[in-house]
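Chemist: Okay, here's what each chain looks like letter by letter:
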Amino acid sequence: MMDYGDAVACAPVTVPYVRRSDKAAAWWLGSALRKLLEVSGVKKTQIEGLCLSSFTLAPDGPAPFVQYVGLSPRFLEFLPFGGACGVLALRRAARAVQCCDAEVVACIAGDTNGPTSFQDLVAQFSSFSRDCVWPYGAGGPNQSFALITEHAMRRTGATREDFGKLCVAQRRWAQRNPLALLRSELTLEDYLAARPIAEPLRLFDCVMPCAGADAFLVMHRSRAQALGLPCARILATIERHNAFPEDPIQWRGGWAMDADALWSQAALGPPDMDVVQTYDDYPVISMLQFEDLGFCAKDDGAEFIRRNDFAPGGNLRHNTGGGQLSCGQAGAAGGFLGMVEALRQLAADARHALVSGFGMVNYDRGLCTAAAVLAR
Amino acid sequence: MTPIAELAAHAKAGELALQRCTACGAVQYPPRELCLSCLADALEWRVSDHEPGKVLATTTLHHSHDPQFRSRLPLRVGLVRLDAGPTTVCFLAEDCGTGTRVVVSAETDDADRAVLTAAPVQAGAR
Ligand SMILES: [Zn+2]
Numbered sequence: 001m002m003d004y005g006d007a008v009a010c011a012p013v014t015v016p017y018v019r020r021s022d023k024a025a026a027w028w029l030g031s032a033l034r035k036l037l038e039v040s041g042v043k044k045t046q047i048e049g050l051c052l053s054s055f056t057l058a059p060d061g062p063a064p065f066v067q068y069v070g071l072s073p074r075f076l077e078f079l080p081f082g083g084a085c086g087v088l089a090l091r092r093a094a095r096a097v098q099c100c101d102a103e104v105v106a107c108i109a110g111d112t113n114g115p116t117s118f119q120d121l122v123a124q125f126s127s128f129s130r131d132c133v134w135p136y137g138a139g140g141p142n143q144s145f146a147l148i149t150e151h152a153m154r155r156t157g158a159t160r161e162d163f164g165k166l167c168v169a170q171r172r173w174a175q176r177n178p179l180a181l182l183r184s185e186l187t188l189e190d191y192l193a194a195r196p197i198a199e200p201l202r203l204f205d206c207v208m209p210c211a212g213a214d215a216f217l218v219m220h221r222s223r224a225q226a227l228g229l230p231c232a233r234i235l236a237t238i239e240r241h242n243a244f245p246e247d248p249i250q251w252r253g254g255w256a257m258d259a260d261a262l263w264s265q266a267a268l269g270p271p272d273m274d275v276v277q278t279y280d281d282y283p284v285i286s287m288l289q290f291e292d293l294g295f296c297a298k299d300d301g302a303e304f305i306r307r308n309d310f311a312p313g314g315n316l317r318h319n320t321g322g323g324q325l326s327c328g329q330a331g332a333a334g335g336f337l338g339m340v341e342a343l344r345q346l347a348a349d350a351r352h353a354l355v356s357g358f359g360m361v362n363y364d365r366g367l368c369t370a371a372a373v374l375a376r
Numbered sequence: 001m002t003p004i005a006e007l008a009a010h011a012k013a014g015e016l017a018l019q020r021c022t023a024c025g026a027v028q029y030p031p032r033e034l035c036l037s038c039l040a041d042a043l044e045w046r047v048s049d050h051e052p053g054k055v056l057a058t059t060t061l062h063h064s065h066d067p068q069f070r071s072r073l074p075l076r077v078g079l080v081r082l083d084a085g086p087t088t089v090c091f092l093a094e095d096c097g098t099g100t101r102v103v104v105s106a107e108t109d110d111a112d113r114a115v116l117t118a119a120p121v122q123a124g125a126r
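Quick mapping for you: the protein sequence lines, in order, are chains D and Y. Take the first sequence: its position 257, counted from the start at 1, is 257 in our numbering, and no numbers get skipped. Take the second sequence: its position 18, counted from the start at 1, is 18 in our numbering, and no numbers get skipped.
Hints are computed from structural coordinates only; laboratory data are not their basis. Be aware that a few hints might be false.
Claimed, not checked - Simulated DEER-style distance windows between Cβ atoms:
(1) D190/D to D66/Y: 50 to 60 angstroms
(2) Q225/D to T2/Y: 50 to 60 angstroms
(3) D300/D to L73/Y: 30 to 40 angstroms
Please read these numbers as outputs of a predicted model, since none were measured by experiment. Where is the CB? At the ideal position from N, CA and C, for every residue including glycine.
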């Protein structure tokens, strides 16, 4: 694959999450745009491109949104791909900048969370899910991931304690992150004793739906330097949809198809990553990413969790903002959470970061996978 | 009639209907208007009173997003790989664990939607 030249990502911002919001999605997305301008010094008229991700923007789409916020972009992408949208936005924006289709691209993801937003979204997520999953108890993603988790536990020997280790470590990171909604202490005992939701999943395996927005800018390196913005180079990216449709149950994701290409293009490997941001709507998905992205062999995910320390001060800096499990899941912003966190870590002391995404659980499996290797 | 309505109409008659492509022979579920393999729209219904399969994974739901299910919790739900090919989301009858050989049958619920239920293959049953 062709490299991304001098296109860089910078200016990570978050509109602080709240549990419930009576604001519209456009308020969250537009507020993220305002924050991008504030922190970067870029003028509104200089935003020539926009990559937008949201589930709750309806009836508006990307074109009504740019009218709402008074932008006139010459590059506009709508990427309603849930947990994969951060990497997808990055790689589209980087190509646009590299090819001069836009000088500066704003990448924004966000959603509101009214009293019934989440239920409405889940009930009408897709035709297959509405017709052939919802009538079976309306468990939503908890139900789908419970089945994937049960299978993965049998496959790898992973226990509730293994998944609890990831959740507890992320909570400890969240205690250092004022933007995380869940910062109270979480012990392994709390995790194990929580109320069951969809066995084997219990309360702390499940993300808390909330409202919020995350965003970043993509531009030429020289412009970022002129603005004094710490920036991240894009060494490699991958994207895949509906990988392995012949698998009877999801035991691997599209990363397994593309990880070799990712590391080859980056000319780096998993041990070179100073920080790793996996998509963590449920801890089992982090384990799948460790396996499929080559941090360990397939079926060795449980052992990998046991032999690494993911908490602050540990050997593997993983989901360093607390992940969605502690920050909350602000709809499509969940797909940006790892990206903005990686950009913050790269602006601090990390040299290399992996960001991985997973989105669109439809019928029996998640369909969209993506990953990016970034360097300061 | 939409494919999902046809599925429900068969279920109301106690039949489990899977789509079969008359062009390439692929069998599919959930139903749709094209063959997922060759994209032909020459689909027929392969109707039986039940389909054999095997349970791939199970869960017990203690939480539902829809109030109409709350009085029925906990609910046992699973993924079943049909011998005919597709993976189906099913309610699980008693004694259905992961790996259990099952037969999957269809009926309609209070909202006239098709719902599938997997039950263990009875010893001695055909
Ligand atoms: Zn066909």
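Chemist: Please flag the earlier hints that this structure goes against, numbers listed from lowest up.
Modeler: 1
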